[in-house]
Each structure stands twice: as structure tokens, then as C-alpha cells.
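On the provided structure of chain A, position chain B as indicated by the hints.
Here the protein sequences come in this chain order: A and B. Read in order, the letters of the first sequence correspond to residues 1 to 301 in UniProt numbering. Read in order, the letters of the second sequence correspond to residues 1 to 301 in UniProt numbering.
Keep in mind that the hints were calculated from the coordinates and are not lab data. None of these values were measured; they are calculated from a predicted model. Wrong hints could be hidden among the right ones.
Copies of the same chain look alike in the list, so a pair counts if it works inside one copy or between any two.
What the hints assert, rightly or not - Below 25 Å or equal to it, Euclidean Cα-Cα: the simulated PhoX-like pairs (lysine-lysine) are:
hint, residue 1, residue 2
1, Lys-101, Lys-226
2, Lys-106, Lys-156
3, Lys-184, Lys-101
4, Lys-298, Lys-180
5, Lys-51, Lys-226
6, Lys-220, Lys-116
7, Lys-226, Lys-164
8, Lys-101, Lys-37
9, Lys-101, Lys-116
10, Lys-184, Lys-106
11, Lys-298, Lys-116
12, Lys-37, Lys-133
13, Lys-116, Lys-37
14, Lys-156, Lys-110
15, Lys-51, Lys-101
16, Lys-42, Lys-110
There are 2 protein chains.
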Amino acid sequence: MQLLENLLSQTNDRPKTVVIPCACDNHVLLAVEMARKNGLIKAILIDDKNKLLHLMSSLSIDPTSYEIIDESDVDFALSISMLVIQNGRADFLMKGLIDTKLILKKVLDKKYGFRKSNRMTHATLVETAFYHKPFLLSDAAMNIDQSFETKIEIIKNGVGLLHKLGINQAKVAVLSAVEKTNEKLESTLIAQQLKELSLNEDFYGAIIEGPLQLDNAINKESATHKQVDNLVAGDADFLVMPNLEAGNIFYKSLMFLSEAKSASVVLGASFPIVVTSRADSSVTKYHSILLASLLCEKKDI
Amino acid sequence: MQLLENLLSQTNDRPKTVVIPCACDNHVLLAVEMARKNGLIKAILIDDKNKLLHLMSSLSIDPTSYEIIDESDVDFALSISMLVIQNGRADFLMKGLIDTKLILKKVLDKKYGFRKSNRMTHATLVETAFYHKPFLLSDAAMNIDQSFETKIEIIKNGVGLLHKLGINQAKVAVLSAVEKTNEKLESTLIAQQLKELSLNEDFYGAIIEGPLQLDNAINKESATHKQVDNLVAGDADFLVMPNLEAGNIFYKSLMFLSEAKSASVVLGASFPIVVTSRADSSVTKYHSILLASLLCEKKDI
Chain A
1 MQLLENLLSQ
11 TNDRPKTVVI
21 PCACDNHVLL
31 AVEMARKNGL
41 IKAILIDDKN
51 KLLHLMSSLS
61 IDPTSYEIID
71 ESDVDFALSI
81 SMLVIQNGRA
91 DFLMKGLIDT
101 KLILKKVLDK
111 KYGFRKSNRM
121 THATLVETAF
131 YHKPFLLSDA
141 AMNIDQSFET
151 KIEIIKNGVG
161 LLHKLGINQA
171 KVAVLSAVEK
181 TNEKLESTLI
191 AQQLKELSLN
201 EDFYGAIIEG
211 PLQLDNAINK
221 ESATHKQVDN
231 LVAGDADFLV
241 MPNLEAGNIF
251 YKSLMFLSEA
261 KSASVVLGAS
271 FPIVVTSRAD
281 SSVTKYHSIL
291 LASLLCEKKD
301 I
Chain B
1 MQLLENLLSQ
11 TNDRPKTVVI
21 PCACDNHVLL
31 AVEMARKNGL
41 IKAILIDDKN
51 KLLHLMSSLS
61 IDPTSYEIID
71 ESDVDFALSI
81 SMLVIQNGRA
91 DFLMKGLIDT
101 KLILKKVLDK
111 KYGFRKSNRM
121 THATLVETAF
131 YHKPFLLSDA
141 AMNIDQSFET
151 KIEIIKNGVG
161 LLHKLGINQA
171 KVAVLSAVEK
181 TNEKLESTLI
191 AQQLKELSLN
201 EDFYGAIIEG
211 PLQLDNAINK
221 ESATHKQVDN
231 LVAGDADFLV
241 MPNLEAGNIF
251 YKSLMFLSEA
261 KSASVVLGAS
271 FPIVVTSRAD
281 SSVTKYHSIL
291 LASLLCEKKD
301 I
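Chain A with its partners taken away, still in its complex shape:
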């Protein structure tokens, strides 16, 4: 399983710099140290300096390899992070030991002008031995509201990410529990609307199909069996989830009941944000750092 790593190693420019408010989290620090040691990133850590030095020492991480900003107040640490990015001293943000909501609120504060999309959305790039290429899934961890309007933003943000990874004609599968539109199942109606949208106007060059069941989106044989015949079936680049629960359970299924690899970022600001969960492995965190770093590289695409 090297597809994801190959994809994420496209970066060949200078290492990107990540800023981490409330950096005192051993899982985060270990993943960052792994990426730094491999020459892939630099990092600015913000937290109570004594506490941070103590933790780094216990993890055998050399603090002299890092820039440390001594600030223990959470809100002020977040504000400093924003200034660090505004001044071009860091390229992207990673969540330390802090509630994701607080980070997003700060990023969306109008005075910084960081908002680039109507919605911040969560996207995960997945590699599994059962599919011939990495695929994107969204939204598995952020938006409770996944109405038609939100799904447009989820697709816009996700297709933008795929473009940066070199996938120009992204094949987007809008998933549901069935393939036929059914008035009683709202996710099928939304999927149908999204498909029509892409037929009527160019949606970043992406091809949108739906409603599709998961097996028909990612398994050609299954699609053929069910006579589902379109360009996306069996070859999807991007799986748009019907709702947050389905997205979360699908993601967790891939991570905990199979040997899939993944990298996640929050999209919608002018820089990617790495939001790690305690349940994520350090490998997932490391891959997420690489993905964010790569997206910074391709900023202007």
C-alpha cells in the first residue's frame, strides 16, 4: 500500500511550516517530529514553554529543532497562530490539545480574511488494498447540516483538493442507501439534484453521479451486476457522504475494521488545517501533515 505515500510525496519545494497552538499533546508532537525528521516540515509550537519542554524531553524530542512561542492562554495562543500565518511565517495550522470549534471560530474571524468557502468541510483521503486508487471521502467529522447547499460546498472544497493532487476530471459519487431516487429518502433527492447541477453547468470539470450505493461507486463488477453504467461507477475519486453519521461510521469502519490508510484535513480556509483526533493513529496524523503540506505547495492551482 504505497499509493497514498506516493501521492503525498509529490512535494519537492522547501519544507512547509506548520503552526500548532496548544501544542502540549504527545500524539501530535510525535507525528510532527516524524515529519520534521524526514525533512518534510518545520514547526512552530505554541504553549506554556516549561510544560512543553518537559513533555518533549519525556518523548525524546530535541526542542532546539523547533521554534517555541511561550503562551499558555488558549485564545491568545490561537490569535498568535493567526498572525504567524498572516505574516507568512507558517503555511498551515495543526490542532493541538484544544477543541476544534475554538480553532474554526478563530480562523473564520472576519478580521483575518482567511475564509475561502461558504463552509469549512472535513475531507479524508483513503487508501485501501480493495480499491485501485486513493479516494476522497467527505464529510465524516464536521458538518451536522449536510443539506443540498452544504453538499455543494463539500464537493467544491473536495474537488479543489483533488485538483491539487493532479486529478482534474474528478469522478464524484454522491452516496445513498439505494440507486433510485425515492421521495421518502432525502439523500437520494439531493444526490439527483447534485447530478443535475453538474449536467447543467460546469462544476470545476468534475463529473457528478448519484444516488449511488457504495459498492457501485467503488466496485466495477458490482456496478455491472446491477446494471449501473456511468463514468463514475466503479471508478469514483470522491465519495460524498449522505450524512454525518454515514460518513463517520464509514471512516471508522475503514480505520478500525480494515487496514486502510488515511489523511484528513479541514478545507475552506486559505490554508489547510490538520485536525487530529485522539482515536487517530500516529501514522494517520503523519499522513495528514503530509497532505496539508502538499496542499500548501499547490496553493496557486
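Structure of chain B alone, referenced to chain A:
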């Protein structure tokens, strides 16, 4: 991965008899033949006899091993199936080449008195190398309405199945995308209500917990990380899906993006119904026949 097969081989009574209306389906016939050859079932096939003999010949299945009822009219074939079961000549039903809705409508026809639950529900027993025991998941394929009332029926039917498999104190995890109740996410409120229900009255001796995320329901380490500490966390027997889309995508993820095994039945009538999908492998169909057969064995529990 022998857990599921061991579980399904508990039957030691006489082979059960399955009746199959509209039996002209090669996938169905192959799975039935496998179970029959292993001495596990007998089968009554209903369809146009000439068509059936032709298909069986092409599949190298000996027709003299089966009872064949020559009836090509779909509705009449279904009615005959009901009489066959009513007269005790068959123990359970398997879907041939026919719409599931038509079968359910016939089974629920009051004149037969087959309805045993307020809702027919779909349940899948899953075995995966990533979990220490088989678990049940429901509802992944049938109920669009998965409101509080429907979920009670889903749980009742599923816990009844687990009892028959010898799991008396079933650990039931009601899943959502988060662990905390959130007024904006209805599935968390329903999960909370279901948990309270089981605290206030005995729910078939089952223990209900929720809302839980998938990883905390089936991974002890992940539950400990997130300080989710209850009897169900990391040891669930039964995963109650937040909605049909999540159930369907989870099931498809297990079947198409991992090496899980499964067996599915429709519950809620006085006999189990095997409803196979074209996308299911013949192994899944075979396991489903074994599960239905076992449930008949334990009918009176």
C-alpha cells in the same frame, strides 16, 4: 475466520426446509445447492418447471434432489409459498428472482397471521478479523424510517436473534457520529432515549448504550482513549445504525473494502426470510441460509 461458521453450525436437528418462490436465479440455486449438499437443508422450488429444469441443468444441479412446484405466476407462487409454510412443509422462505416488497406484502397479509413484530427489519451477522466475536448490525437494507419507534422494533428483533444464538445479555450499541447528545443531531437524541428506556425497564435483558461512535463500540483501546467507560464499549454484540444510509454504507464497506463475512435475514415474521441481493457473494448467501436455518431450530426460545 471460523467464528461465524462455528456459530451457524450449532444446528444438529433434522435439516430445515426452505421454500423459494420464483426460484429461477442461478446465484440463489448455487447457494441452496451448496447448503443441501452439506446436508443442512432441503428445498422446495417454485417456478415455471421447464425453465427451472433448464437452468438447473446448466448449473449441473440434479433436480431429483428437490421438490419442484410448477407455477410461473408470481403472485400465485408467493401464495403457494405461504401455504407451504402454514402447513409445516417448509420452515423458512428465501427470495428468488422477485422484488422484496412483493414478498413482504404477502408475508404481512393478515390472513396468514405470520406477523410477529410491528416492523419487519433487516439484520446482518458480521465476522471480521478485527473484532473478537461476530456482531449484529441493523438496519442496513430495509427501513427508511428509523425513528425511535422503529429502532425499538429493530432492537427487539435483533436481540431476539441474538438470544437464539445463545447471547442472553446482548450488549447493544446505538451508534451516531459523536458520543455526546447534541440537539442538532437527532440520532444522538434517539440513542439517549433508547439507553434511558433500557435503564428504566428490562429490555429482554439487553444492555443498551448510546450514543456511541463505531470505534468506541468495537474497540476497547479507542474507548479507553476517549474515556468512554461502560459495559458495551469495545464489546458490543449489536450495532444499531443511526439511519439506513449509514447502515448500508457500513455493510457495503465491510463486504467490499475488507474481508468480512456476513449472513443476513429479515426478522419480524414467525419465520426468517432470506433476502439476497445480486451484489452478495454466494458465500454470503450460503451463510444467510445457515443463519435462517439455525433460527428455525431455535424457534421456541
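Hints the structure violates: just list their numbers, smallest first. 4, 6, 7, 8, 12, 13 and 16
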